[in-house]
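Each chain, written out:
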Amino acid sequence: MAEELIDKVKQLIIDALRIEGMTPADIETDAPLFGEGLGLDSIDALQLVVAMEKEYGVVVPDAATGTKVFRSVRSMADYIAEHRK
Amino acid sequence: MNCFMFPGQPLSHGTEWPDDPDFKAIADMTRRRAFFDLETFSWVGAVGTDNVKLQLFGTAMSLYRFRVLRRERPLPDFVAEHSMGIYPALAACGSLPEEAALEMTFRVGTCLARMGERCSYALGCVVGLPREPLLAIAENHGVYMANYNTSRHFLLSGERSAMEAAMAEALATGAFSARTFPCDTPLHTPLIGEIDGELRGIFNHYRYGEPRTRLMDHINQDYLGAADVAPFLREELQRPVFWEKSYRALRAAGVTSFVEVGMGDSLKKYNRWIDGELRS
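First to last, the protein sequences are chains A and B.
For the first sequence, position 18 matches number 17 in numbering that gives the first Met the number 0, and the numbering has no gaps at all.
For the second sequence, position 73 matches number 72 in numbering that gives the first Met the number 0, and the numbering has no gaps at all.
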């Protein structure tokens, strides 16, 4: 996985969720995005779905896929790399 | 212009408490007027449900945050509220004393909880579906739309087994997330009409001052005057919350800065979503 894409995904999270005072370096690549990690919730997840589609043309079709995709920054980047147009 | 937004009941509570005189004052009021100890999260000489505890926690923390904000900045130009956020919002507008807001939360919560002794209710939180298919799902299962938060974030309310079936259908229809939360009562539905007499008694017990800040209601996006408050408090428990309409109305009124005064940041997140749609 290119580190460049990992960094872009981190920046996408920061921009889409309007997280103030955070840089990509502050987000751990393998930390959980929900719960104890970044503390995201389903409202945030839908915002990320929209951002991923807009930025990479990647669709997260259902809740089950979303659960896998949004485990971590790395899983998001893996999914984008595999599905982007 | 700016707006302080007061959220409704939180879904969970914290375990770390502020160590300052304002929190101690609010915690003391909560014990005296609502028989609830925030720090141990337990009742003091009263018995109530977990939902009433969370309702009191929500009101208390909004009152506390408002005190802190008031030390840092002047009164806001507008106040907005979501669901039970109306009680601390009234205190923030000077329409009701803080102690009365806490007592009202306890009395209303306890009254609502009695409905749960006769039937099992739940809320259903659906993310990702638009309004129309969700309205059809609600109708199919005999549950109600309780919150219109954004074009893709809704809360349903109704009988628990019907809600579980509705959430399963929402997921099958393509919802990104559909979760059921047990609750004492079918909040924001006409079913609350069953206890309207008791609620009228509670709300008529208080004297409401004229809000010193423009206070927007979440049903019609009107500004509440003192005479409107008691009828609104009854009506809002029986009607849906229209948050998206409220946010858009506040934007149209010239508000550019929003501060969430309470636990969590759900209103801020709804606003972020609505802003995205306004831009596109």
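Derived by calculation from the structure, the hints in this document are not laboratory data.
Glycine is no exception: its CB is placed at the ideal position from the N, C-alpha and C atoms.
Among the hints, erroneous ones may be present.
[Unchecked claim] In silico contact screen, one side only, chain B against chain A (beta carbon under 10 Å); selected entries:
(1) F22
(2) A26
(3) F40
(4) C124
(5) G127
(6) E131
(7) T149
(8) L170
(9) G173
(10) A177
(11) K267
(12) K268
[Unchecked claim] DSS-like, lysine-lysine: derived pairs with alpha carbons at most 27 Å apart:
(13) K267(B) to K7(A)
(14) K7(A) to K53(A)
(15) K67(A) to K7(A)
(16) K23(B) to K53(A)
These are the hints, each one checked on the structure:
1. F22: Since the shortest Cβ distance to chain A is 23 Å, the answer is violated.
2. A26: Because about 25 Å separates A26(B) from the closest Cβ in chain A, which is outside the 10 Å limit, the hint is violated.
3. F40: For F40(B), the interface hint is violated, since the closest Cβ of chain A sits about 21 Å away, which is over 10 Å.
4. C124: Hint holds; C124(B) Cβ to chain A Cβ min 8 Å, cut 10 Å.
5. G127: Given a least distance of 6 Å, the restraint on G127(B) holds.
6. E131: violated, 18 Å
7. T149: holds, 9 Å
8. L170: At 6 Å from the nearest chain A Cβ, L170(B) passes the 10 Å test, so the hint holds.
9. G173: With a closest approach of 7 Å, the G173(B) hint holds.
10. A177: holds, 8 Å
11. K267: holds, 9 Å
12. K268: holds, 4 Å
13. K267(B) to K7(A): holds, 24 Å
14. K7(A) to K53(A): The hint holds at about 14 Å.
15. K67(A) to K7(A): Holds: K67(A) and K7(A) sit about 19 Å apart, inside 27 Å.
16. K23(B) to K53(A): Roughly 48 Å separates the two Cα atoms, so the pair is violated.
Of the numbered hints stated above, those contradicted by the structure are hints 1, 2, 3, 6, 16, listed in ascending order.
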